[in-house]
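Spelled out, the chains give:
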Amino acid sequence: METLTFILHNLPAIGERTLEHLSIVSVAVGVAIVTGVPLGIAITQSRRVADTVLYIGSIVMTIPSIALFGVLIPILSKIGQGIGWLPAVIAAMLYAQLPIIRNTYTAIRNVDPALRSAAIGMGMSVPQRLARVEIPIALPVIIAGIRVAVVINIGVTAIAAYIGAGGLGTFISRGISQTDVRQLLTGALTLALLAIACDYSLLWLQRRLTPKGAQPRVART
Amino acid sequence: MIRLESLTKIYETAKGSHTAVDRVSLEVGDGETCVLLGPSGCGKTTTLRMINRLVAPTSGKIVIAGRDTDAADPVELRRTIGYVIQQIGLFPNMTVAENIGVVPRLLGWDAPKRRRRAEELLTMLALEPAQFLDRYPNELSGGQAQRIGVARALAADPPVLLMDEPFGALDPVNREVIQAEFLRMQRKLRKTILFVSHDIDEAVKMADRIAIFRAGRLVQFAAPDAMLAHPADDFVASFVGSDRTLKRLRLIRVREVMVAAAGEAVAKNGPTVSPDDDLRRVASLFLEHGVDELACADPDGRVIGNVTRMAVAARLAGQGQ
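Protein sequences, first through last, are from chains F and A. No gaps in the numbering here: position 215 of the first sequence is 215 in our numbering, and each next residue is one more. No gaps in the numbering here: position 317 of the second sequence is 317 in our numbering, and each next residue is one more.
Warning: the hint list may mix true and false statements.
[As the list claims (entries may be wrong)] Here are some chain A residues the structure puts well away from chain F; computed CB gaps all over 10 Å:
(1) LYS61
(2) PRO137
(3) SER141
(4) GLN186
(5) LEU249
[As the list claims (entries may be wrong)] With the Cβ distance kept under 10 Å, some of the chain A side facing chain F (calculated, not the full set):
(6) GLU76
(7) ALA153
(8) LEU162
What the hints contain is simulated information worked out from the structure, not anything from laboratory work. Every residue gets a Cβ at the ideal spot worked out from N, C-alpha and C, and that includes glycine.
Next up, chain A with everything else stripped away, as it sits in the complex (with noise of 0.2 Å):
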């Protein structure tokens, strides 16, 4: 877990004093992924910088796993994070192993069990790792590059990984995919994640919680669903955009509004959806078709239950969860 209680950082410039971080004050349950959300210079890198003390907090506490980071040597509190830079930050003048093995390497791991856990990422990120293990940065394209800065950053195991818009840098085909894959391997690995991002639709897609910040105060921390359903004020509205509702319907299944059949249902014509499918599909298919209800049907086509523009709406309407 980690706890920032009134986080503040000032910067002393010539022209008088600046407010990077403004008492922030959140915290973060194990396994749990924060997105630190908002516009380009709101102070959610700065926040995430004084995590692992690349910027020395001017007042407040960060606690993690119940340890006051203040107490702990930088540079061994540093092995303990994962660390993941927008830039990527791949050594160039070391092979894909090798760039993996560097913090392993510095908490004394030897030659060999740094290769096994490196060939062990690898294939965990669907890179074979035959191919890439003594690959040069140089001969990565970027979406390969990223992956191995995640994979870096996993290397030692920390219970803990800061990601700095690691996504950011790459097309948006790539994006999909790299976060799609990470997701897969969060649901797997839990690790505690505080993820910086400036786009609302990533923060929707990976966060279990969302800070969002404006100059440097914390605006608004919820879940996605809840902040998309309640915005705290009309910056966070602006924020999320005025597409908001169509945002949530992401984040809901069919089977949180599915209404079950009673007995013996029949299928009916006409399209049907599963139970694991998002409300983004049920809506589409509500506009194509014209259609108020659709079937909800299993994977051998039975139907089990339907889903009504009622109870979209009413799901809508109740408090976001």
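The shape of chain F in the complex, shown without the other chains (with noise of 0.2 Å):
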């Protein structure tokens, strides 16, 4: 009840947070997907590149973001930038990477080989296979790949509260420091609410985007 009041006086200052928080997220995700998609595209080429791809991208996941932020500081100091906004997209922005990748990667590879050899001899160069055949098919599973990168982004950068980068991570550093449950539930339920509407209207876009041929079969009436 008390955490209810809490909300209610405070929605300003949440849609700000929010704000904050989506922009660190849609700017990570926005350069993840610029650079991972076509890198994901280009790795199906050689197996042993894309193994070595794969393998870094796994080592990034595995780093904490804690640790992630720590590492970035001292790089960053150098251009004035060791804390807030900007860190906290580049860490956004590495974790988001392998998802998409392996994403891409996978749903690439996996377009059925008879439609590239269709496609192939039929006489589609390569970025005319691609750009018809193979990423139309494959955008659902590269969307899907999105789907979990954002969620992840979502957690990463409440975390980025500490290095000073807002959003709502700054309730749930602050309810901790004062000891305060009101502020450390309102942090979580958003975030919570955040990740959940986010993943919610990907999804919408991924079934948009899935080509209507590749829909699973109504029954026609």
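Starting from two chains that each stand alone, build the complex the way the hints lay out.
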């Protein structure tokens, strides 16, 4: 009850923190899509390169986020950005790479070889084959990877509050330091809701972008 | 015309080199259907895939319409060669119309022209355009999908078609129907076709000439009747089967062995055959009725000649055509 009152009294602050949070996540995921999807497609050409890239991605995933922030502070201090928005975006972007690269790679690799063979045999160039056949077919799985990246990033960004990046994590860090359960719960609840909301809207997008012919058949009446 | 000149493909593997296709030379005339026949792993598919450069030959030449394909850009070359594969490979993200329009689009046709062409082809394949143009491949039956696969290969009206076991995944009933349809279409279109199959019956039905492969080598290259009459060696003989004489009967029409009746002929009792029947029907009637001679009647029922056991035997003993 107390928490609810707190939330109602602090709606503008919560809104602001949510926007901060989203700005970090969306920039990080945006950059990760622009870099990760082409990389995921490129590594389908060589099994060895793919294994190496995915291995590096997995290693990045195992680094605790707080440690990654720690590493970034001295590096980014050189340009006066040791704490705050930029290190938060960079860390989140690194965590978003693996799910996006891996899903893109798997989705493109799993395109039926007969389709590839038909596309080549009919005289499509490599970019035409990617744009007209392979990417449209792989798109649902690529978006599934983006969904995972977004949810991971919402969590990572919460911790970025400790390096002064703002966002919803601020409520949690203050709640802990001030032993204020209301703030703690506010942060936790809004984070959970944000994650669910983002996941569902991306799921909707995923369904929208699934090629019609690849959707499960609906009985015709 | 397509000419292969000692076409060879050698794969270098860790265990040494493997010759998939060994100095194959053959020539397919314009409008002819040549079936590449043989057991799996005999090099027939590799040969086919070298023609549209999906596989790069190790040595040898491929000449299409007088032009060495080695000099051509593979992507451009493929757009002038229709390609049908067993798995069909219709793109699931495209409608039937879009699938048929793939090569025309690559060639820069505008959208209305592509759609008109798709309509035209569906009509030719006895599929109602209004009903099928906007369907997706997962809404088609196997037989319909394979017809669309053929339509897609024909879309830009290429002079040459390569077909890799195109009807292999269909059930026998559907296969017969599509083969018959395809033959009817081919009589009109007169494409130069290379057709891979492992089914001797299909080969006999479809081919003007059969190229039979074994372990990468071309063992025999002949018209179906000639191949059935005179298999080059034991391998060919066993591949075409011990019933090869029965298979030949399908290829020969009654008119080829009929002795025309002199003057006014009188209809006899008993079964009659038509000049366009094949000799399988004649043989069945010989056996069924225990006769040595059948009357041959025109569509109006007038007897115009007869077929005898002797005449059939003489034809079978003669040189295959």
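Now the hints, each set against the structure:
For A:LYS61, the shortest C-beta to C-beta distance to chain F comes to about 21 Å, beyond the 10 Å cut-off, and the non-interface label holds. For A:PRO137, the non-interface assignment is contradicted: its Cβ lies about 6 Å from the closest Cβ of chain F, within the 10 Å cut-off. Here A:SER141 stays apart from chain F, with its beta-carbon at least about 13 Å from theirs, past the 10 Å limit. Residue placement check: A:GLN186 keeps its beta carbon more than 10 Å from all beta carbons of chain F (closest about 20 Å).
Separation of A:LEU249 from chain F is adequate, the least Cβ-Cβ distance of about 37 Å exceeding the 10 Å criterion. Given hint, A:GLU76 at the interface with chain F, holds; its Cβ is 7 Å from that chain's nearest Cβ, closer than 10 Å. Residue-level restraint check for A:ALA153 holds (minimum Cβ-Cβ distance to chain F is 8 Å; threshold 10 Å). A least Cβ separation of about 8 Å between A:LEU162 and chain F falls short of the 10 Å threshold, and the interface hint therefore holds.
Violated hint: 2 only; the structure is consistent with all others.
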